[in-house]
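Q: Sequence:
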Amino acid sequence: PSMRLWLLIGCLAPAMAFTHARGALLAIMVALGAMFWPERWHRYRWPVAVIGILGFCGVAYLWSQQASIAERFDIWRDAVLGMSFFGRGIGSFGGTLPAFGHFTDHMTLRQVYAHNDLVQVAYELGLPGLALALAFIWFVLQSDRPERFVFLALIVEAIFAFPTHLATPGALAPFL
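Remember, the working numbering sits 1173 above the position in the sequence shown when you count from 1.
Derived from the structure by calculation, the hints contain no laboratory data. Check each hint, because a few of them may be wrong.
[Unchecked claim] The calculated label-pair distances, taken between Cβ atoms and stated as ranges, are: (1) 1300 x 1208: 22 to 28 Å; (2) 1257 x 1178: 24 to 30 Å; (3) 1285 x 1224: 30 to 36 Å; (4) 1198 x 1244: 28 to 34 Å; (5) 1265 x 1231: 32 to 38 Å; (6) 1185 x 1304: 29 to 35 Å.
Glycine is no exception: its CB is placed at the ideal position from the N, C-alpha and C atoms.
Please construct the entire structure, taking both the sequences and the accompanying hints into account.
A: Following this line, the structure appears as structure tokens:
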């Protein structure tokens, strides 16, 4: 790794430490793990990915009593209840989710984003939109360009948040 990479990591460390951003930390760990994955172990990448996903699900279950994680699970359950084959329309999540809200209290909290970009795509654009989004992710991650690791971090972060709906990551992602 170059000196610039280590300087970048050093600059990001305080931001990660002070914000307690678990999703961002996981995104960086996954991207760095994929970047430094030895070529001779290439055939083991899918089993390791499956084990990593299962491990993540176990940790998420253990942390599910924390308010921010429990809230996300509630939002996702309400979103699943409101999904339709062709979706509800772009930008409809915040306005239509209360109609399907069984788990979230919409009197105290109004969610505009699903805190998971794929759940939001599935809710707003249905199965066709989700299939196109997954195909796009697959093709980008299969490329040989080094920017795919930044995109991988963005995708991991999109599991817990909504980076494609925010100005900076949403504006930078197309230029990777």
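Q: Would you mind marking each hint as holding or not holding in the structure?
A: Here is how each hint holds up against the structure:
1. 1300 x 1208: 22 to 28 Å: violated (32 Å)
2. 1257 x 1178: 24 to 30 Å: violated (44 Å)
3. 1285 x 1224: 30 to 36 Å: holds (34 Å)
4. 1198 x 1244: 28 to 34 Å: violated (19 Å)
5. 1265 x 1231: 32 to 38 Å: holds (33 Å)
6. 1185 x 1304: 29 to 35 Å: The hinted range 29 to 35 Å holds for residue 1185 and residue 1304, with Cβ atoms some 34 Å apart.
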